[in-house]
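*Asks:* Could you build the full structure based on these sequences and the hints that come with them?
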Amino acid sequence: MKIGFIGLGVMGSRIAKKMLEGGNQLVVYNRTVTKTENLVALGAQRANDIASLSKECEIICSCLSMPEDCEHIFQNTVLPYARTGTVCIDFSTVGVKTSQRIYTQAKENGISYLDAPVSGGPEGVEQRTLTIMVGGEQEAFVKVLPLLKLFAETIEYLGESGSGSAAKLINQYLVAVHSVAASEAMVAGASFGLDPEQLVHLLTASYGTSRMLERHMKHYVLDRQFQPGGAVKYVHKDVKLANQLFTQAGIGDKLGELAETGFHRAIAEGFGNEDMSAVIKPLEKLCNVEVKRVY
Numbered sequence: 001m002k003i004g005f006i007g008l009g010v011m012g013s014r015i016a017k018k019m020l021e022g023g024n025q026l027v028v029y030n031r032t033v034t035k036t037e038n039l040v041a042l043g044a045q046r047a048n049d050i051a052s053l054s055k056e057c058e059i060i061c062s063c064l065s066m067p068e069d070c071e072h073i074f075q076n077t078v079l080p081y082a083r084t085g086t087v088c089i090d091f092s093t094v095g096v097k098t099s100q101r102i103y104t105q106a107k108e109n110g111i112s113y114l115d116a117p118v119s120g121g122p123e124g125v126e127q128r129t130l131t132i133m134v135g136g137e138q139e140a141f142v143k144v145l146p147l148l149k150l151f152a153e154t155i156e157y158l159g160e161s162g163s164g165s166a167a168k169l170i171n172q173y174l175v176a177v178h179s180v181a182a183s184e185a186m187v188a189g190a191s192f193g194l195d196p197e198q199l200v201h202l203l204t205a206s207y208g209t210s211r212m213l214e215r216h217m218k219h220y221v222l223d224r225q226f227q228p229g230g231a232v233k234y235v236h237k238d239v240k241l242a243n244q245l246f247t248q249a250g251i252g253d254k255l256g257e258l259a260e261t262g263f264h265r266a267i268a269e270g271f272g273n274e275d276m277s278a279v280i281k282p283l284e285k286l287c288n289v290e291v292k293r294v295y
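Start counting the sequence shown at 1; every next residue gets the next number (our numbering).
I should point out that these hints are in silico values taken from the structure, not numbers from a laboratory. Any given hint could be a false lead.
In silico DSS-like links for lysine-lysine, alpha-carbon gap of 30 Å or less [stated by the list, open to error]:
id	residue 1	residue 2
1	Lys285	Lys237
2	Lys18	Lys35
3	Lys143	Lys97
4	Lys233	Lys285
*Replies:* And the structure:
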């Protein structure tokens with residue numbers, strides 16, 4: 001089986017590697033060619049363009065940053081060239097309507113399209129514990145399930161096109177809200193002279209804990225290490241889309257709107273390319289404290 005993979009960023013490169021390690025033929029494309037080098041060294045084939053990749057692969061995967069990139073690439077350079085019967089798996093986080101528009105065009109071309117966003121970060125891929133939320137045709141899902149099992153532990157088929165994207169945005173809503181709440185809590189603690197490491201230990205053993213509190217503080221903030229596992233700018237994009245989804249559901253005032261503001265502020269202050277945990281930095285500046293490990 002020949003698999004094409006478009007988009008070799010933090011997540012895409014790792015997912016593609018797991019597919020290659022699973023014994024699959026892999027054709028890769030990335031706008032920045034240097035990002036293909038490690039996979040080519042492991043046996044992948046580099047495509048010169050997306051059109052040629054689409055023509056020769058039975059399964060086409062993508063992991064892209066922005067909804068507009070995703071829609072443009074599929075509508076203009078994947079679907080016009082892919083063969084009838086091809087299955088497309090999109091691991092990107094996009095809006096429900098974006099997924100449904102791509103699905104509709106794919107179906108008209110005799111191609112299956114699955115919205116299959118992922119959660120768990122790069123460590124989830126490495127440990128094969130990723131979560132995948134899938135919408136689209138169930139027959140196509142069953143066909144690619146063995147491939148997904150190479151790097152994911154929790155794989156849920158949720159129903160019609162857009163279902164996977166909706167579930168992912170709900171997840172990202174919680175990621176954003178919990179990230180800002182954890183940041184506010186830790187900055188408040190530091191302002192009152194509490195030892196940050198001790199406070200994290202206490203909170204993670206109490207009802208106030210969250211996965212974002214533990215992730216951000218233990219692996220990024222306390223050590224002041226903000227190399228991105230998932231960048232601030234992408235969480236901002238996700239929670240903005242999630243807020244639109246929640247508004248469509250009929251929910252008015254939302255905690256997510258405050259979270260969106262918090263992530264927007266972090267971008268405005270120059271932290272957009274840092275890990276999402278850097279959403280704490282504007283709050284630290286505001287309160288004149290720094291949440292860090294005391295050695």
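*Asks:* Take a quick look at whether Lys18 and Lys35 sit within 30 Å of each other, Cα to Cα.
*Replies:* Since the Cα atoms of Lys18 and Lys35 sit roughly 16 Å apart, the hinted pair holds (cutoff 30 Å).
*Asks:* Is Lys285 close enough to Lys237, meaning Cα to Cα at most 30 Å?
*Replies:* At roughly 23 Å apart (the allowed maximum being 30 Å), Lys237 and Lys285 satisfy the hint.
*Asks:* Are Lys233 and Lys285 close enough, with their CA atoms no more than 30 Å apart?
*Replies:* holds (19 Å)
*Asks:* Is Lys143 close enough to Lys97, meaning Cα to Cα at most 30 Å?
*Replies:* At roughly 24 Å apart (the allowed maximum being 30 Å), Lys97 and Lys143 satisfy the hint.
Consistency note: the structure conflicts with none of the earlier hints.
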